[in-house]
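Undergrad: Residue numbers (numbering that gives the first Met the number 0), protein chains in the order written: chain H, 0 to 509; chain W, 0 to 509.
If you are wondering where the hints come from, they were derived from the structure by calculation, not from laboratory data. It is possible that some hints are incorrect.
Identical copies carry no separate label here, and so any pair may be met within one copy or between two of them.
Derived lysine-lysine pairs resembling PhoX-like cross-links, with alpha carbons at most 20 Å apart [stated by the list, open to error]: (1) Lys347 / Lys77; (2) Lys233 / Lys474; (3) Lys57 / Lys188; (4) Lys1 / Lys77; (5) Lys351 / Lys112; (6) Lys57 / Lys471.
There are 2 protein chains.
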Amino acid sequence: MKHALPVTREADFAAWYQSVIAEADLAEESGVRGCMVIRPWGYGIWERIQRLLDDRIKATGHENCYFPLFIPLSYFEKEAEHVDGFAKEMAVVTHHRLVPDGKGGLMPDPAAKLEEPLVVRPTSETVIGTAFSRWVQSWRDLPVLINQWANVVRWEMRTRMFLRTAEFLWQEGHTAHASAEEARAETLKMLEVYREFAETCLAMHVVTGEKPENERFPGAVATYSIEAMMQDGKALQAGTSHFLGTNFASAQNIRFQNASGELELANTTSWGVSTRMIGGVIMVHGDDDGLCVPPRIAPWQVVIVPMLRDQPEDQAIVDYCRDLQKELAALSALGEPVRALLDLKPAKAATKRWGWVKKGAPIVIEVGGRDVAGGNVSVIRRDRLYREDGKLDSRVMPRGALVDTAAALLAEIQSGLLARSTEALRAQIVPLDNWAAVEAHFAEGVTNPGWVDVRWSRPTGAELEAVVERIKALKLTIRNAPLGQTGCDDGPCVFTGAPAVERVLIGRAY
Amino acid sequence: MKHALPVTREADFAAWYQSVIAEADLAEESGVRGCMVIRPWGYGIWERIQRLLDDRIKATGHENCYFPLFIPLSYFEKEAEHVDGFAKEMAVVTHHRLVPDGKGGLMPDPAAKLEEPLVVRPTSETVIGTAFSRWVQSWRDLPVLINQWANVVRWEMRTRMFLRTAEFLWQEGHTAHASAEEARAETLKMLEVYREFAETCLAMHVVTGEKPENERFPGAVATYSIEAMMQDGKALQAGTSHFLGTNFASAQNIRFQNASGELELANTTSWGVSTRMIGGVIMVHGDDDGLCVPPRIAPWQVVIVPMLRDQPEDQAIVDYCRDLQKELAALSALGEPVRALLDLKPAKAATKRWGWVKKGAPIVIEVGGRDVAGGNVSVIRRDRLYREDGKLDSRVMPRGALVDTAAALLAEIQSGLLARSTEALRAQIVPLDNWAAVEAHFAEGVTNPGWVDVRWSRPTGAELEAVVERIKALKLTIRNAPLGQTGCDDGPCVFTGAPAVERVLIGRAY
Chain H
0 MKHALPVTRE ADFAAWYQSV IAEADLAEES GVRGCMVIRP WGYGIWERIQ RLLDDRIKAT
60 GHENCYFPLF IPLSYFEKEA EHVDGFAKEM AVVTHHRLVP DGKGGLMPDP AAKLEEPLVV
120 RPTSETVIGT AFSRWVQSWR DLPVLINQWA NVVRWEMRTR MFLRTAEFLW QEGHTAHASA
180 EEARAETLKM LEVYREFAET CLAMHVVTGE KPENERFPGA VATYSIEAMM QDGKALQAGT
240 SHFLGTNFAS AQNIRFQNAS GELELANTTS WGVSTRMIGG VIMVHGDDDG LCVPPRIAPW
300 QVVIVPMLRD QPEDQAIVDY CRDLQKELAA LSALGEPVRA LLDLKPAKAA TKRWGWVKKG
360 APIVIEVGGR DVAGGNVSVI RRDRLYREDG KLDSRVMPRG ALVDTAAALL AEIQSGLLAR
420 STEALRAQIV PLDNWAAVEA HFAEGVTNPG WVDVRWSRPT GAELEAVVER IKALKLTIRN
480 APLGQTGCDD GPCVFTGAPA VERVLIGRAY
Chain W
0 MKHALPVTRE ADFAAWYQSV IAEADLAEES GVRGCMVIRP WGYGIWERIQ RLLDDRIKAT
60 GHENCYFPLF IPLSYFEKEA EHVDGFAKEM AVVTHHRLVP DGKGGLMPDP AAKLEEPLVV
120 RPTSETVIGT AFSRWVQSWR DLPVLINQWA NVVRWEMRTR MFLRTAEFLW QEGHTAHASA
180 EEARAETLKM LEVYREFAET CLAMHVVTGE KPENERFPGA VATYSIEAMM QDGKALQAGT
240 SHFLGTNFAS AQNIRFQNAS GELELANTTS WGVSTRMIGG VIMVHGDDDG LCVPPRIAPW
300 QVVIVPMLRD QPEDQAIVDY CRDLQKELAA LSALGEPVRA LLDLKPAKAA TKRWGWVKKG
360 APIVIEVGGR DVAGGNVSVI RRDRLYREDG KLDSRVMPRG ALVDTAAALL AEIQSGLLAR
420 STEALRAQIV PLDNWAAVEA HFAEGVTNPG WVDVRWSRPT GAELEAVVER IKALKLTIRN
480 APLGQTGCDD GPCVFTGAPA VERVLIGRAY
């Protein structure tokens with residue numbers, strides 16, 4: 000069986016990942032260090048993610064705003080932990096004008112140096128918190144529930160497209176509440192929104208849980224994440240939700256008069272997901288023929304490729320395809336109108352077919368002269384590309400039958416991809432009882448070890464640091480302590496031997 | 000008649016403009032020089048603009064992409080005119096890390112200076128052109144039709160919210176074509192998209208035309224604009240479309256093999272509109288009670304305010320309002336579901352009523368106990384707030400009658416606002432025949448002179464410079480030469496006395 004990509008997952012997973020991005024026209028290097036160009040197919044997936052997630056963010060009572068790209072240095076100086084966490088990797092604007100450098104080029108104008116340098120936002124807690132301090136006076140002003148879709152910049156040394164880029168696109172929600180309980184409930188509510196979104200729309204099964212202390216967002220009291228299982232067994236943190244307590248409110252003076260007339264600090268939260276999710280979609284659903292996009296987030300769900308031969312009959316084929324496109328576009332699938340494209344670009348039909356397979360369009364329909372004569376279409380499902388004998392599974396069926404079943408087929412593909420992801424996640428998590436077993440599980444040379452699920456005593460301080468050092472030596476991190484645990488059975492912590500209080504997932508990660 | 004704003008248009012138009020922004024909760028100063036915070040109601044209007052314009056941009060065959068925020072200095076050095084036009088006002092990133100400054104604060108790390116400074120994009124021709132040079136090899140790759148929704152930064156010295164801010168949000172379309180004719184046609188097609196959008200969605204009548212040579216985009220062969228008439232008689236350039244010829248293609252090496260196998264330079268275009276449009280909406284539709292948002296771009300089209308009195312009957316009022324909200328949300332108006340909000344925030348009904356009037360919600364419905372008892376509602380139309388006797392025009396009508404007519408009422412408000420804008424534009428343009436008349440028209444002390452429409456000979460070079468100096472002395476600019484002129488009648492150019500070739504509009508502008 001020959002595949003459409005130049006490299007298979009098994010041969011070199013990292014090279015395969017890059018080849019999917021290139022062959023599916025998702026993105027490319029921009030020539031600007033660490034920044035990518037997101038091409039139409041990749042950006043189309045992001046637009047679908049935005050639309051579907053934005054609907055959910057609004058349905059839970061949040062409103063969108065927009066805050067400045069630039070943050071004055073002094074804003075960062077107020078929250079010490081936050082600075083420590085971010086100061087190492089920020090782009091700093093120091094000048095506001097260019098002048099000729101005398102060598103035929105340009106340089107920053109020494110006469111146009113900013114009095115206070117500006118940081119390009121790596122995240123917006125500081126600037127949004129400053130706005131909250133203006134907006135919140137009384138308990139009546141709470142809760143404040145806002146969200147922003149924006150670009151942010153973190154000066155990463157090693158970048159990888161979608162997964163870790165200097166500039167990336169995301170949404171960041173920020174809320175302020177009258178009580179810690181309410182803020183904690185908000186933190187978990189948005190984590191649940193992310194879980195439902197990842198599973199329903201991205202067909203990506205995730206584990207929701209709390210991050211250990213050492214993996215908390217700088218300045219947070221508690222950080223929760225959704226963790227997804229990639230096909231190489233590594234974890235992808237696909238979204239986070241932070242309970243910030245009064246840490247940021249205290250640094251930014253977000254105070255309100257409560258019903259009894261006393262001044263109190265607000266409790267705040269923040270939560271975000273980014274274009275990183277697209278990296279997750281690639282590594283969960285891609286195969287050796289390219290990407291496979293879940294129908295809910297596919298820019299085009301059905302692509303019609305007419306098989307033209309520069310013959311007089313071509314016009315009849317195009318007309319037939321146009322009618323079919325209209326019939327499909329009039330359907331509703333998964334709660335929305337079907338997105339059907341007729342691909343009339345000047346290229347060979349086989350090139351176009353494989354182009355759409357690599358892009359991962361859920362259904363590709365080919366129409367040739369024989370199909371038109373018989374009132375048929377030839378249908379390829381991206382999630383089941385090959386027959387058992389290894390040949391391409393292109394099925395001829397009456398056009399009417401396709402139109403009648405297209406919506407159900409899209410729903411079936413969507414749920415099938417989720418089922419596959421659920422199965423893969425479960426199959427790649429192994430419960431282990433002691434440290435020796437963990438070491439053996441992640442020994443050098445073991446391919447695709449997945450994650451392990453172990454008991455721990457939730458150590459803190461120096462004891463936690465020692466644990467982190469031990470797992471770091473195996474290139475591992477604690478992903479999270481899954482929510483909904485019914486309590487830990489009797490065994491000891493695999494690290495400390497002390498009585499365990501919960502189970503945590505440990506694995507390699509992106 | 001007492002109005003909701005602290006200042007009237009007549010008393011001080013500039014102060015009135017700021018007060019609308021503050022009182023309607025559209026935006027506020029951020030504390031970061033020249034950057035604003037766009038608040039939910041302002042951002043909601045921008046989201047509506049994005050959705051409606053994006054549909055049109057896609058319907059004309061364009062796809063969305065995303066390009067880097069940062070542009071290396073060297074990219075700018077390639078297109079000389081472009082650099083001259085933008086180099087004076089760009090934010091420059093020179094460092095990628097902060098370190099303690101030894102005085103308890105932070106400073107850019109001298110050890111983390113970038114080898115090549117990065118400019119925060121003021122516009123993306125250079126970085127997108129570089130991508131085009133990779134994408135375009137053959138005539139088969141053309142046209143390339145893409146668009147980007149993004150933030151851009153221009154270091155303006157004097158800023159004014161929405162109209163001129165250091166950072167602003169916009170869309171920028173960029174296309175490459177095989178021929179100059181095709182590129183020119185694209186430039187005009189997108190200008191027409193902007194005109195239709197401004198009139199249909201913003202209810203803002205605009206004049207489409209070509210900018211004079213001195214007002215062209217830096218590096219463009221021709222620049223076209225849509226110009227709108229503000230209530231103070233000033234012009235607002237609300238969108239531009241540029242034919243770039245081969246200027247950028249030459250600087251960025253966008254070449255293709257034509258059907259005969261020869262290498263040719265592509266012709267490119269770019270076009271954009273920004274959050275500036277919201278400033279236009281304010282100054283076209285606002286009045287002394289605040290903003291008046293055209294229904295198509297109103298985040299909420301109908302707002303229901305229950306008049307509660309902390310009495311047992313309150314629950315019945317809320318239930319009645321909930322049912323009404325559902326009935327309205329099930330309607331379709333102007334081609335979309337009606338956006339109806341039930342405002343249950345803890346505040347007095349009169350405060351809420353005036354809050355929504357100031358925000359400019361098209362229809363505000365108040366419901367009190369008497370309305371519930373009679374099966375009625377009290378309806379306020381934002382576009383006709385007062386009766387002839389100067390009292391608030393709140394009309395009691397049966398609830399069923401309101402639901403039956405709400406969609407038609409929204410359409411009527413939308414078209415009424417456009418008609419008013421068309422009338423205002425026409426009434427404020429005066430045709431004049433000679434320079435003395437122009438001088439008299441714009442003499443000091445004349446309030447609201449609007450624009451004048453004059454013949455000119457389309458001078459170039461030094462002759463044009465002289466014309467620009469003359470009108471600059473009167474604080475005027477040439478707005479554009481309207482499209483669709485049927486040729487100029489016999490009279491001479493008001494500036495040069497030479498035979499005129501076309502008519503141009505001249506006025507003061509934002």
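Undergrad: Take the hints in turn and mark each one as holding or not.
TA: Hints versus structure:
{"no.": "1", "hint": "Lys347 / Lys77", "result": "neither (60 Å within a copy, 37 Å between copies)"}
{"no.": "2", "hint": "Lys233 / Lys474", "result": "within (11 Å within a copy, 64 Å between copies)"}
{"no.": "3", "hint": "Lys57 / Lys188", "result": "within (13 Å within a copy, 35 Å between copies)"}
{"no.": "4", "hint": "Lys1 / Lys77", "result": "neither (58 Å within a copy, 45 Å between copies)"}
{"no.": "5", "hint": "Lys351 / Lys112", "result": "neither (52 Å within a copy, 46 Å between copies)"}
{"no.": "6", "hint": "Lys57 / Lys471", "result": "neither (40 Å within a copy, 48 Å between copies)"}
In this structure, the hints that do not hold are numbers 1, 4, 5 and 6, in rising order.
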